[in-house]
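> From first to last, the protein sequence lines stand for chains D and Z. Going by numbering that gives the first Met the number 0, the residue at position 580 of the first sequence is 579; the numbering climbs one at a time, nothing skipped. Going by numbering that gives the first Met the number 0, the residue at position 162 of the second sequence is 161; the numbering climbs one at a time, nothing skipped.
Hints were generated in silico from the structure; no laboratory data involved. Warning: the hint list may mix true and false statements.
Said to hold, decoys possible - Label-pair restraints from in silico Cβ distances:
| hint | chain 1 | residue 1 | chain 2 | residue 2 | range |
| --- | --- | --- | --- | --- | --- |
| 1 | D | Ser527 | Z | Phe3 | 47 to 53 Å |
| 2 | Z | Thr20 | D | Gly516 | 48 to 54 Å |
| 3 | Z | Pro95 | D | Gly32 | 54 to 60 Å |
| 4 | D | Glu306 | Z | Arg38 | 50 to 56 Å |
| 5 | Z | Pro95 | D | Thr526 | 30 to 36 Å |
| 6 | D | Ser527 | Z | Val145 | 51 to 57 Å |
| 7 | Z | Arg38 | D | Ala472 | 52 to 58 Å |
| 8 | Z | Ser55 | D | Thr526 | 26 to 32 Å |
| 9 | D | Gly516 | Z | Thr14 | 54 to 60 Å |
| 10 | Z | Glu88 | D | Arg352 | 46 to 52 Å |
| 11 | Z | Arg38 | D | Gly182 | 35 to 41 Å |
| 12 | Z | Arg38 | D | Pro689 | 41 to 47 Å |
| 13 | D | His34 | Z | Ser55 | 53 to 59 Å |
Claimed, not checked - Covered stretches of chain D (in silico footprint by chain Z; criterion: 3 or more residues with CB under 8 Å from a CB of chain Z, positions within the stretch not fixed):
| hint | region |
| --- | --- |
| 14 | 376-390 |
| 15 | 512-523 |
Claimed, not checked - Below, in silico cross-link-like pairs of lysine to any residue (SDA-like), each with a Cα-Cα straight-line distance of 25 Å or less:
| hint | chain 1 | residue 1 | chain 2 | residue 2 |
| --- | --- | --- | --- | --- |
| 16 | Z | Lys51 | D | Glu39 |
| 17 | Z | Lys80 | D | Thr379 |
| 18 | Z | Lys80 | D | Glu39 |
| 19 | D | Lys655 | D | Gly205 |
| 20 | D | Lys655 | D | Arg319 |
Beta carbons are placed, not taken as given, at the ideal position from N, Cα and C, and that holds for glycine.
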Amino acid sequence: MNRQPSSMAARTIAFVGALSVWLGALGCDGDRGPHFGTTERRGRDPHTFYVNNGTEPEYLDPGKAHDSASTTLVEHLFEGLVSLGPEGELVPGVALRWDRSDDNRLYRFHLRDDARWSDGRPVTAHDFEYAWKRVLRPSTGSQSASNLHVLQNGQAYHLGRLRVATERLELHAEPSTSAKLVGSLDEGELVAIEPASAAGAGEGAGLVRVLSRVARPSFRPEPGRGARGATPAGEAALGSAAGEAALGRAAGEAALGWASRSALSSDDAAVGVRAVGDLVLEVALEHPTPYFVELLAHPSTYPVPRELVERFASTGDPDRWTRPEHLVNNGPYALDAWRFRYEITMKRNPQHRNHDRLRIHRIVWMEVESNLSAMNLYKTGELDYMGDNSTLPNDYMARLSSKKDFHRTNYLGTYWYELNVARPPLDDVRVRRALDLGVDKRELVTRIVRGGQAPATHFVPDFTGQGYSSRVALERSAGADRFAGPGHEFDPERGRALLGEAGYPVVPDGEGFRAEGMPALEILYNTSEGHKQIAVAVQDMWKRHLGVSVSLRNEEWKVMLKNVRDRNFQIVRFGWIADYDHPHTFLDTFLSTSPNNRTGWSSPEFDALVERAAATANREASIDLYRRAEGLAVDGMPKIPLYFYTKSTLMKPYVKGFRFNAKNRHHLAWMWIDPSFETDARDEPAFEVPRFPEPGRYEAPPSTP
Amino acid sequence: MIRFVLRRLLSLVPTLLLAVTLVFFLVRLAPGGPFDQERSVPPEVLAALEAKYRLSDPVWVQYKDWLADLLLRGSLGPTFKYPNRTVNEIIALSLPVSIQLGLWAMLFALALGVPLGVVGAMRQNRWPDALATAIALVGLSVPRFVLAPLLIMLFGLTLYWLPVARFDSWRHMVLPVFCAALPMAAHVARLTRAGMLEVVRSDFVRTARAKGLSERSVVLRHALRGGLLPVVSYLGPGFSGLLVGSLVIEKIFDIPGMGRYFVEAFQNRDYNLIAGLSIVYGVLLMGSNALVDIAYAWLDPRVELGR
């Protein structure tokens, strides 16, 4: 060849460069309007809604759904006791109203009598009792079962520790049938046994260690009710000590003795939920749980069609009943077609009471994984809404944010760095606090993350509901925000001083600083451009402001999870998305007993304060206690909060009834498509949003204090 | 000929088995498991899940069961990530899509690459050659993840001629097929050019010219058959590469093909799916190589069948 390859390559590059500049110019050209892309809905049925669901759902089984692609769909196919309104508020679902005991421990739900499964059968309280116990049954393998751990004996049953004596049993002092007797169990008596994972000693003799007696749920006795489930209240006053033991917390040496494994069978009758007739569901909780009704909007608490589920379970194919050809469901929409990894279509469920009021009759849930592709499909009008489970590409955020169909809202989640407090130098709280003070979070959100996030000085997002946000507002108006001001906001000088106190004096070094004697630190994050940018920025800030050197390590997600579980990290990037709209979901991860406490930090004072807060019926007082507990967590600083999440999305202007809420859960049942949106200012939900009446009073059984 | 084909195909079985066995054990060595996730899963639940998928057995028992399922029932087992689908179903749903895309891309690559290569060789070092080389160079050096967005911007977002993504009609296939085909077409063009340059200097072409045949007839009837041999041997790995390498295309155009699973299944530690995909890819790769051998035997009189 005569021509030089290099000059050819150079020309090619120049050509491609010119081409992309030209195309870029063209691309921007189409973006001049007030909206992003087309607002015309050509050739499309005004009752069909096109939305991106992000990816393929794992489960359409309410009891097993745990990823957001699944729960979004399940929330349209099924309906729990409680449903979500357009603002994410709790509205009546299958339940019309509820009663509550003064201590937040006992609930009674009154179900509507017109709730139907898609095969026409009525939805009853028994369906809920069955569904909840199924979720907790260990063999179900539900990964969202922990939502129902709040039920009395729920956790013990789920972890396979709850047993009932099938006959009169002797208790031995040692793991041997010839050991001396230390007591006995009556037939039908409930006990907690040692977790299977701790077994060993009694294995050979067929014995299992019995930790404690367990109380049956302390429902108010129903006149004329038979043996199933509840027993009279007088028997139930063993209180939460038994519950504690059942969880293995207070286990230790307090065991009752050893008993025959084969005569102790697993039994769900003692789990704190029971149907009283078809239309009343009673619930007894392990601890006072102020956020309990919030949990009922989560799919794991939705009913399932028992007969169908059991038919499939008996054929050894327990997950196939959710396929469109089999599915029986009770929500406003029914499954129409399911094209694996491509799209799911839903139509109205003719059996649902809102069938005639729904203004969106068909939903096409595309499963577009690339957010750029989804954005393009939105632009050309193939999608009406980016969807709850889709994000906007960060690089386009600035351009999109000036559009009228761009929406941004606070989102209930906190991005944080978790510190392994077992390893020096992070075992020293002064070092942890210094690191917190050395991150300029305002700069981080404005320069790096760039999604309108609020810098975080604490863990529970300021806009959390149930009285938390109003508490924050109250403190702010009094100029006494607990987590603002010196000691909380960016303060490198104070950070350096703290490092000095901890024995790592920070000395000037050239243009910057150097913390003398500071051991090497490392930030671990899962491989992703976004996490990397944040880690690089934090690395730079710590170097610049504190003279602390950190290295970065990125790992593939599952590898990172394994290393974190093995405590093989110093600083790791994580975040927490609220499971329910209450501060407890964030603070729970700091409890010494929480399986999600990965830092190793524990504080008996904190644990006690959270427990007290949960048991406090008065909402203001309860939130005040939570806020104080949070203060202890901030003082201990096992996690460095970086920012509170926001969520940005695109919704075509012809979609009405859309309220972008902090839960980021938007039921399409409330929305409608308005072809004359340009002249029509109406934006109300598709039909009137029902409201719950004030909860009634559930009179506690006389024996419960 | 039939005996040759059969023998060639049978010889794939042991190789395939060995490869799949290696994969089976290697993926289980990777840290982390299929049910690891951000929120902690209690050990009891993990045990229930592992028992359900027979992951609590010793690895060799798992292997024995898995192999028995495969050989006796043709079953590749359940996937861990999509509990109501089996590996067989996933492959049955996604492989045809990938093959459809791959075949069109290959045809397009040949239709574009072979003429470019022939023109390049026949007009060596003149402007048609330079142009053909330039096109090939662009095809080779512009990665698909650059090309695809450029084409989408032009034809989808600016001219509104073609859909920007999805897989519903022939119009949806134009851009992905073109993007998938271009690098392959470039390869084909270069290989054709090189092959033709070699062949046009050989004796039988000189003989054909000496007989007074037209240039057109010399090229198409005599030279091309020999000049295409390098292309043919490239088509095997090229085609299986298209299927696996379509990950980027599938992501950008949201096409429900098989390419995405190659990366994803490993990220999810979806052991059965990984093993199943390895078999499919192994069959495709070795099968298409075998086809190439057979085609060679047919195209080139010098290749002898038996040994």
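> Hints numbered earlier in the text: which of these fail when held up against the supplied structure?
3, 4, 6, 7, 10, 12, 15, 16, 17, 18, 19, 20
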